[in-house]
Amino acid sequence: MGGHRILIAKPGLDGHDRGAKIVARALRDAGFEVIYSGLRQTPQQVAAAAVQEDVRAVGLSILSGAHNALLPEITGLLASQGADDILVFAGGIIPDRDIETLKEAGVDAVFLPGTNTQEIVDYLNERLG
Amino acid sequence: MAIKDPPKTAERQQAKRPSVYQDEALEILTAAREGWEASARESFEKRPPWKSDFTTVSSMDVPHLVTAEQVADVDPVGDIGVPGEFPFTRGIHPSGYRGRLWTMRQFAGFGTAADSNERFKYLLSHGQTGLSVAFHLPTLYGYDSDHEMSKGEVGKCGVAVDTLADMEVLFDGIPLDEVTTSMTINSTAPILLAMYLAVAEQQGVDIRRDVSGTLQNDILKEYIAQKEYIFPPRPSMRLITDQFAFAAEHVPRWNTISISGYHIREAGSTALQELAFTLRDGVEYVQYGIDAGLDVDDFAPRLSFFFNSHNDFFEEIAKFRAARRIWATVMRERFAAKSPRSWMCRFHTQTAGCSLTAQQPYNNVVRTTVQALAAVLGGTQSLHTNALDETLALPTEENARIALRTQQILAHESGVINTIDPLGGSYFVEELTRRMVDGAFDYFGRIDELGGMVEAIEAGYPQREIMDAAFQYQRSFERGEKKMVGVNDFVLEDEEPLETLYISDDLAAEQVAALERTKSARDAGAVGRTLDALKRGASGDANTMPLILDCVKAYCSVGEISDALRDVYGAYEEPAVF
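Protein sequence lines correspond, in order, to chains W and Z. So that you can map any letter, position 114 of the first sequence is 132 in our numbering, and since no number is skipped, the others follow by simple counting. So that you can map any letter, position 243 of the second sequence is 376 in our numbering, and since no number is skipped, the others follow by simple counting.
Possibly wrong hints are sitting among the right ones.
Covered by chain W, according to a simulated footprint, are these stretches of chain Z (three or more residues, beta-carbon under 8 angstroms) [as the list claims (entries may be wrong)]:
| # | segment |
| --- | --- |
| 1 | 391-404 |
| 2 | 437-445 |
| 3 | 520-527 |
| 4 | 597-610 |
| 5 | 626-635 |
In short, the hints are calculated from the structure, not lab data. Every residue gets a Cβ at the ideal spot worked out from N, C-alpha and C, and that includes glycine.
Starting from the given sequences, assemble the full structure and let the hints guide the process.
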């Protein structure tokens, strides 16, 4: 349980980092090793950081509406670099109608507003073992 | 924060401040209050309080009861006064809301300029009294719609504006001498102001006499909270003082800055932090203006503020009243401003987006109503009420209308506008107002010790304070110490999803094509000349504003103008800490 290395990243131009930072802190408090990307990361930067840092999972926080363009690009880049074993999860303002599409594109889980951080901790512990 | 004990009679006499309470009456009251304390204790022995946490939403302690004792040393004139007079605790207008209602100003913008133009006309036709423009993220960050960083963002969080051509469409058929427009724009504010003025000129409007509106233009809170910065803090401050000087001379009715606590609060601050950091940002702008050689009374009257109104009703009202008292005091005493207009804290309020829930979203109408009522009782000059679906998406037309109707019901049905500052003199509200004032001045002291707000930001001080508060807020709900209806209690299983506004990714191609058309139709020579002139001016001491106006009129794009400034000033990167 715990101890895994996780990248929390903010793709796109969205500057809302309250959620990303709260999740980062909650995961750290739960024993994960957390790397926070900082703001305004391109899909290439996110994928490169995930591979270089050898993380087990990437959490993508996005509230701007650009998820359909950016998230599948990130999962695609990870796959093309042979890193599709990295678990990708997302959080933010994502309309219900887009969730299925994102899951088909390789996003394993989407956490919506009102999620308890413990739920994310439990999810990662379960998926990463 | 500890609650002060009521001052003893001797202390009160020593302070020699006027009081509306006679010592004899207060002594009788003290005996009565002690009697109440004993009864309350007895009652709690039989039945303990039903929860452990009776703090505000910001986790501020509040007393169970406040009597005249705690406010006996609040000066009825020097601290509270009358509306329209220093220290403006009760309001900036002698006529209150009888002379003029607050401006109902709903923030709107999405898709292309044509889409947003249609929404503006819809809102104006339903009784909205001012415009408030939301730009999409690329415009806010100084990228054109065809830039790599704009992928997926075009028209999503606001309207796409790349060049003057978009701005012409955005305000088509809206006379700029009749409406006032607020623009939420910061790093690229001088570019959008220039575009607005260029459209007004095209409409034949007298800019000096008839153009009025507000730019957000508050870069300090971008570093602190909203994070839409481009350049480092110091050149950003220079661009702002250039606008102060330009507007004072050429657009005297324009509010060059709206010093904003809204985003600080949305990032998770407490009410007190919002108040303190916002007003201390204001102090910083005034100091930079003075240091740039401006006379404080020339630009201070055009400074305005923008606050959040969250769920905790009395805490918010006290915050608004305290803001006016603090600003008046600071402007008169710290900066020796002579004009009463420089002392006035005029502000816009938006209800708290971060308080809304995705669960049972119709409940958000109730939250917004309570928050809007607090803003009105706090004496706001203008108000945006959030739509019930804003935690899920940009609002649909119907939900935007309900939000506007909420304000109209408060204004025309509730009767709260009839009497100025109706909560003034409430023991609790006056006590809380004073604690807000004292707490804000404590923060001012800490920031002054760090060398000022720019230095405090560079040291990460306000950012850390806010992050800690945000984390504590989250924890208080996760531990169940505080309740969020529909989220951590009173939950509905199997909710029906709400129909929300959906912005398609297809419009990006349309916007990019429009940008290409504009670029091929413009005079390339003029583009190069105006951009070069801007770079030279920005490297030297020239006021950048007239140079940016030339660029805009040559149809240079937001991205091109921003790149010219990036070449000169560089780009800012914050340390990524959590």
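Of the hints given before, which are not true for this structure? Of the numbered hints given earlier, the structure breaks just one, which is hint 2.
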